[in-house]
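The listed protein sequences correspond, in order, to chains A and B.
FYI, this note's numbering numbers position 82 of the first sequence as 82, with every residue one higher than the one before it.
FYI, this note's numbering numbers position 128 of the second sequence as 1128, with every residue one higher than the one before it.
Simulated from the structure, these hints should not be mistaken for lab results.
Treat the hints with caution; some may be incorrect.
[As the list claims (entries may be wrong)] Straight-line Cα separation of at most 27 Å, DSSO-like style, residue types lysine-lysine; simulated pairs:
1) LYS120(A) <-> LYS1021(B)
2) LYS61(A) <-> LYS1031(B)
3) LYS63(A) <-> LYS1090(B)
4) LYS1044(B) <-> LYS1002(B)
5) LYS1072(B) <-> LYS1109(B)
6) LYS120(A) <-> LYS1032(B)
7) LYS120(A) <-> LYS1099(B)
Here the structure is a predicted model, which is why all the values come from computation and not from measurement.
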Amino acid sequence: MKKYFNTFAKTFFFTAILLMLFAVLVKARSGFTMAYVRLTIGALLMSIFIALAITIFRSEKGKGYINAILGYIIVIPALFVFRNIFGTYLFTRAWIIFIVIGIVGIIYGIALLVASKKYKTEVDELNRLLLDKEDNQEED
Amino acid sequence: MKIRVNENPKIEEHEVVINCKQVDQLVEDIKKSLEYLNNVITGKIDGRNYTLTPNEIYYFESVDNKVFAYSKDKVYDINLKLYELEEIYKNTPLIRINKNTVLNTRKIKSFKSSLNGRMEAILKNKEMVIISRKYVPILRAVLGGRN
C-alpha cells in the first residue's frame, strides 16, 4: 500500500501539470476557463488509475506479460476520465477517444519494447558473466 | 599451485595453511574462498538445530520479520536479521538482491527478464527469485563484470 501511495503522489503531481497544460490549451483555443474543482477531481481520479496500472505493471507477483497487459487495460479508464474533464473542448468527435486509446497503446507498446530490449541486454550480459565464471571454475 | 591434504584421525579441527612467497591476488582469492566456507551459521527445523555452511545455502528470505534459509530442498529458520547475514557474508558470493532476499550467486543457473522489466534468477534447484534493479550493479560486480 505504501508503494501505491508513493506512486500515486508522483503520478498526481505529473497528471496535475499535464491537465493544467491542457486547460491552458483549451483557454487559448476556445477562450473557455476550465473549472478548478473539475480539473483537481479529474487529476485525482486519473492518478488513482495510472498509479494502480504502474503498481500492477511493476508487481513482483504473477506473470510479467499479464501484468503488462493489465497495466494497459487499467490506464484506459483514466483516458475516459480525461475525456470527461475536457468534453467537447478537446474531443470534438466521439471517436477521438478511441484514437487516443490507440495512440496511448502504441506509445505503451513502444516503451515496453525499448525497455525489454534494454533489460534483455542486461540479462544477456549477466548470463555471459555466469558462464564465464563457470568456465573459469571448471578450468581451475 | 600444489594442493596437499593431510588426513589424520587425531586432528579435531580443519586447518588450512597457505604457503606462499608473497601475498598476491591468487592468495587473496584462496583466502576469500576459505572465508566463504568458514562462515557457518545455525538453522532450525522443528526445533532441531542444524549447522549450515554457505555452500549449501541457496538464499535467505525475510518473511514477516522472520528469516529463513533455503537449501536445495529444506527450509531453515534463522535467528538472524538479513542485515546481520549481509555483514557475516561480506565479501562472499552471498549478496542482497532485493529488500527481502540475500542470494548465493554460486547457486544461480541463469537469468531471465520478463516483459514488465522484472529480472529473475533461476537457481540450480529450479527455484526462481526476483532481482531488484537497484542491486544489479552489485550482482554484476560479484559475477566479475564491470560495475
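Checked hints:
1. LYS120(A) <-> LYS1021(B): Outside the cut-off at roughly 45 Å; violated.
2. LYS61(A) <-> LYS1031(B): Not OK: LYS61(A) and LYS1031(B) at ~39 Å, beyond 27 Å, violated.
3. LYS63(A) <-> LYS1090(B): Outside the cut-off at roughly 33 Å; violated.
4. LYS1044(B) <-> LYS1002(B): Given pair LYS1044(B), LYS1002(B) is violated - Cα atoms ~38 Å apart, limit 27 Å.
5. LYS1072(B) <-> LYS1109(B): holds, 13 Å
6. LYS120(A) <-> LYS1032(B): violated, 31 Å
7. LYS120(A) <-> LYS1099(B): The hint holds at about 23 Å.
Violation of the numbered hints given earlier is confined to hints 1, 2, 3, 4, 6; the remaining hints are satisfied by the structure.
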